[in-house]
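Undergrad: Given next are the chains, with one letter for each unit.
Number of protein chains: 2
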Amino acid sequence: MIEPQDCGDGDEHEATPQTVPTLPSMPRERVPLQKSSVCSRSYFMVVMVFFHVYIINVIALLFYVHYNNTPGDVLASPSREAQSGSESGFQRDIYLPRLEGIRVGHVQKVSLMPGKTHEMRTLSLKPLLFEIPGFLSEEECRVVVQLAQLKGLMESQVMVPEGQEELTEQLNLSSEEIFNLLDLNQDGQLQLQEILTHSRVLDGIWLTPENLREIYVGLKADPDGNGLLSLEEFRLLGSDAFQRFLQQRGVKSSQLVRNSRHTWLYQGQGSHQVLQDLKKRVTRLTRLPSALVDLSEPLQVVRYGQGGHYHAHHDSGPVYPETVCTHTRLAANASTPFETSCRYITVLFYLNSVEEGGETAFPVADNRTYEEVSLIQNNVDLMDTRKNCDKSNLRVKPVKGTAVFWYNYLSDGQGWVGEQDEYSLHGGCVVTRGTKWVANNWINIDPDYQRQARYQQLVSLQEGEGAEDGDEPDEDGPPSQVTDAHQEL
Amino acid sequence: MIEPQDCGDGDEHEATPQTVPTLPSMPRERVPLQKSSVCSRSYFMVVMVFFHVYIINVIALLFYVHYNNTPGDVLASPSREAQSGSESGFQRDIYLPRLEGIRVGHVQKVSLMPGKTHEMRTLSLKPLLFEIPGFLSEEECRVVVQLAQLKGLMESQVMVPEGQEELTEQLNLSSEEIFNLLDLNQDGQLQLQEILTHSRVLDGIWLTPENLREIYVGLKADPDGNGLLSLEEFRLLGSDAFQRFLQQRGVKSSQLVRNSRHTWLYQGQGSHQVLQDLKKRVTRLTRLPSALVDLSEPLQVVRYGQGGHYHAHHDSGPVYPETVCTHTRLAANASTPFETSCRYITVLFYLNSVEEGGETAFPVADNRTYEEVSLIQNNVDLMDTRKNCDKSNLRVKPVKGTAVFWYNYLSDGQGWVGEQDEYSLHGGCVVTRGTKWVANNWINIDPDYQRQARYQQLVSLQEGEGAEDGDEPDEDGPPSQVTDAHQEL
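Just so you know, the sequences run in chain order R and B.
Residue 245 in full-length UniProt numbering is what sits at position 245 of the first sequence, and the numbering runs on without skipping anything.
Residue 451 in full-length UniProt numbering is what sits at position 451 of the second sequence, and the numbering runs on without skipping anything.
Keep in mind that the hints were calculated from the coordinates and are not lab data.
Don't take every hint at face value.
Claimed, not checked - Selected chain R positions facing chain B (in silico; Cβ < 10 Å): (1) F51; (2) L99; (3) E100; (4) R103; (5) H314; (6) P318; (7) V319; (8) E339; (9) A365; (10) N367; (11) V373; (12) L375; (13) R386; (14) E419.
Stated by the list, open to error - Just so you have them, the derived chain R footprint on chain B, three or more residues with Cβ under 8 Å: (15) 139-146; (16) 175-189; (17) 248-261; (18) 397-410.
Note that beta-carbon positions come from the ideal geometry of N, C-alpha and C, so glycine has one too.
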């Protein structure tokens with residue numbers, strides 16, 4: 001047995017009582033290994049091993065608690081389990097929170113700024129859409145409108161967009177291939193609505209079924225007069241017949257997909273305090289990492305004059321394997337004609353109360369099904385916000401200071417952005433009296449997590465280089481990405 | 001300076017080289033405090049303090065990581081924020097996970113048992129409804145059916161339920177008050193569907209609009225023959241006129257709300273391994289704490305013979321302030337006529353593939369709106385599963401071994417059970433050929449968190465007392481709560 005001992009007896013340093021003892025240094029000289037008393041190196045080793053085992057146990061216990069019992073885990077585990085069950089084994093650090101809609105009409109209180117709570121009402125679940133009255137003060141609305149006016153607004157859509165022929169050449173498709181692409185229901189014939197859908201997306205010209213019938217007559221495109229185009233009839237036409245016809249005839253602004261003027265306001269460092277406050281509020285509202293919000297498009301301010309409108313559209317396109325996002329194209333390192341703006345969330349602010357008209361319409365909100373073709377039926381075109389806003393499932397009246405926001409994409413079930421939410425289709429009803437001022441904040445996130453991560457890394461590397469001038473307006477899209485964000489994913 | 005030293009020099013025990021040194025015991029004798037060499041008590045204290053500070057740092061770091069960076073937190077924080085914004089300041093330890101539906105048709109892999117993954121398909125979002133093929137093996141289906149047959153099945157519904165007159169007396173309502181309760185749309189008249197809805201819920205008798213017209217004629221209840229009852233006409237009838245009429249005329253089982261036989265199978269300790277396995281699988285599927293699953297109703301096995309049906313109903317009722325749950329009534333310590341079974345989740349197993357008919361119908365799944373009155377329109381009664389299953393929004397065909405499950409309640413937005421999900425309305429279509437065997441697993445959770453917590457505490461106190469015999473069948477409801485669960489919330 002080892003006796004309790006006071007080996008300090010043999011110590012030369014006869015110490016006076018010390019209240020704050022100095023940390024003893026480790027023995028620097030070799031100690032004969034044979035010694036195994038309480039003060040030997042072996043003893044020290046044993047104590048060290050003991051404590052390290054203890055520490056490892058504590059850590060292990062904490063990890064056990066962390067992964068088994070905590071409320072956070074209760075919520076997180078579904079994603080993890082789902083992920084472990086799926087093919088892709090790669091682990092992510094970030095899980096994007098998504099607000100809960102609960103049910104239409106549900107009201108939840110949200111804290112967006114110190115000392116004030118807002119009420120957020122669920123307007124629909126498909127898309128997941130909320131309304132927050134009083135998101136902006138009267139004063140803030142005024143400032144944003146004035147800043148936009150100072151900066152100057154441009155036409156949101158020029159008559160006939162350019163670059164379209166290039167795209168057609170780039171794709172190099174035969175008439176037959178184009179016909180097949182247009183023939184959505186694959187019945188071997190082109191219905192009016194199939195041509196219309198195509199024309200609206202590609203040409204930005206809003207043809208009504210009546211317009212199209214006139215064009216058919218003008219071009220003698222439909223000799224049998226049944227309102228359908230067969231492959232033979234389509235071949236005879238040539239792929240740019242419609243465009244040429246329309247350019248000759250001229251297009252009024254009310255015949256365009258959108259009829260408004262807009263500008264972009266940079267919200268980063270050095271911008272007006274109101275704009276920075278707004279960005280902060282949006283970050284709190286969406287509960288997304290601020291890096292994601294910081295790296296998104298600037299604020300878009302839009303003015304609809306009397307008679308202005310924006311026919312129903314998606315703010316961001318569907319995700320195919322080839323799709324790249326505008327904001328991460330640099331990091332994507334790929335060339336593809338499928339590019340979309342990847343706007344995960346739209347936050348829309350009403351900067352004034354419109355005298356009459358100008359509602360935001362969601363034609364298919366909470367519909368049981370979504371079928372693109374059935375949007376135009378029996379000559380009723382649900383996407384036409386000049387004619388059929390009253391037939392939309394949901395209309396939001398513009399009230400000064402109110403914000404609405406919705407998700408343009410679903411969740412992928414694993415905490416990231418998934419498929420496009422087709423139900424997010426929306427438009428601006430025609431302003432029948434007065435003017436309508438709104439602003440859009442889009443949160444851009446690449447549905448490809450890796451690409452988003454790579455993009456944010458690239459931006460953080462570039463930081464400090466081109467941070468001064470990030471808000472040069474583009475012709476059509478938003479200005480080039482702001483590069484002053486210092487945070488990473 | 002403290003010299004490195006080998007104080008073992010003064011040791012009486014001249015040790016031979018030891019490969020496995022024994023753990024030195026602490027000095028048991030008092031050591032003069034003046035000594036401060038490397039082997040003194042001070043030295044030991046310093047090492048201890050150093051290590052404890054180290055350990056505390058590690059723990060603090062882990063907690064920091066836990067509450068700031070982990071994915072669990074990103075998901076959990078919205079609930080917490082929402083809660084902090086709401087009036088009720090009380091903090092809960094538990095956040096019930098809720099599966100994500102994403103969109104109709106979405107398929108996710110789930111791991112329910114070792115070495116196997118199942119595919120779970122989203123069937124609807126309102127209610128949140130999933131289908132999992134192959135949840136049970138052929139053998140397991142056979143065992144469950146046999147166990148139910150061994151135990152013996154009873155009629156699911158007797159002709160005219162008792163206790164109803166007591167309830168009417170207990171409430172002590174005047175004719176006028178009853179009239180007002182029945183007059184759902186408050187137009188001062190009772191439409192056919194208002195009487196029907198009432199009769200079905202309270203009497204369990206499934207009258208069709210034609211039946212009711214016959215009764216009106218038989219009772220001379222509607223002298224003006226307009227199919228509506230005014231307050232005067234209703235007063236003349238007396239509150240139990242319908243019941244008396246029906247009892248005289250007699251009711252066939254096909255005219256009842258449900259036409260089936262069922263039994264209850266206890267799933268706790270000592271029960272058949274298949275039943276215990278099933279419970280485990282349900283726990284993994286729903287991702288709920290096992291204590292909640294353990295304390296829920298036993299498995300209900302139901303047999304529908306040829307011609308059997310169950311008209312559309314909710315498995316659990318709405319939540320009013322006065323509502324108490326059957327399973328927590330003891331803990332609720334309140335007496336109220338509003339009692340419901342608080343079945344948060346229904347897991348329905350198909351134990352055989354039905355030859356013809358017997359689908360599970362969800363008449364209003366993913367409907368844009370839910371209005372009780374509009375369920376019966378133009379003589380088409382969507383809740384009638386003998387007549388109108390084909391008009392249901394969704395029908396699930398019974399396939400042996402498949403499980404479907406859905407939430408009967410929404411989330412409250414703060415991680416607990418919220419309002420009833422009215423869209424969870426469902427029924428069993430009439431079995432036109434063959435027999436249909438199904439089993440139901442219900443997870444009972446009180447929407448009042450405090451009451452559920454109190455109930456679980458009570459059960460854990462009772463543990464060991466009445467754990468043997470928990471599966472005595474009731475006449476109508478499930479057997480009294482099982483008390484063998486050892487876990488708390």
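Undergrad: Work down the list of hints and note, for each, if the structure agrees.
TA: Hint-by-hint comparison with the structure:
Restraint check, R/F51 versus chain B: the minimum CB separation of about 5 Å is within 10 Å; hint holds. Taking 10 Å as the C-beta contact cut-off toward chain B, the hint placing R/L99 at the interface holds, the least distance being around 6 Å. Proximity of R/E100 to chain B holds as hinted, the smallest CB-CB distance being about 5 Å (cut-off 10 Å). Checking R/R103 against chain B: minimum C-beta separation of about 6 Å stays under 10 Å; hint holds.
Interface restraint check for R/H314: the shortest CB-CB distance to chain B comes to about 15 Å, outside 10 Å, so the restraint is violated. With its C-beta approaching chain B no nearer than about 13 Å, R/P318 sits outside the 10 Å limit, and its interface hint is violated. The beta carbon of R/V319 comes no nearer than 13 Å to any beta carbon in chain B, farther than 10 Å, and the hint placing it at the interface is violated. Checking R/E339 against chain B: minimum C-beta separation of about 24 Å lies over 10 Å; hint violated.
The criterion of a C-beta within 10 Å of any C-beta in chain B is met by R/A365, whose closest approach is roughly 8 Å, and the hint holds. For R/N367, the interface hint holds, since its Cβ comes within 10 Å of a Cβ in chain B; the closest pair sits about 6 Å apart. For the restraint placing R/V373 at the interface with chain B, the shortest Cβ-Cβ distance is roughly 18 Å, beyond the 10 Å limit, so the hint is violated. Checking R/L375 against chain B by beta carbon gives a least distance of about 16 Å; that is not within 10 Å, so the hint is violated.
At about 24 Å, the closest approach between the beta carbon of R/R386 and any beta carbon in chain B exceeds 10 Å, and the interface hint on this residue is violated. The criterion of a C-beta within 10 Å of any C-beta in chain B is met by R/E419, whose closest approach is roughly 7 Å, and the hint holds. With 0 residues carrying a beta carbon less than 8 Å from a beta carbon of chain R, the region 139-146 of chain B misses the three-residue requirement, and the given coverage is violated. Given a C-beta distance limit of less than 8 Å, the hint that chain R covers the region 175-189 of chain B is violated, as 0 residues qualify and 3 are needed.
Only residues whose C-beta sits within less than 8 Å of a C-beta in chain R count toward coverage, and the region 248-261 of chain B has 0 of them, not enough to reach three; the restraint is violated. For a cut-off of 8 Å, the count of residues in the region 397-410 of chain B with a CB near a CB of chain R stands at 1, and the three-residue condition is violated.
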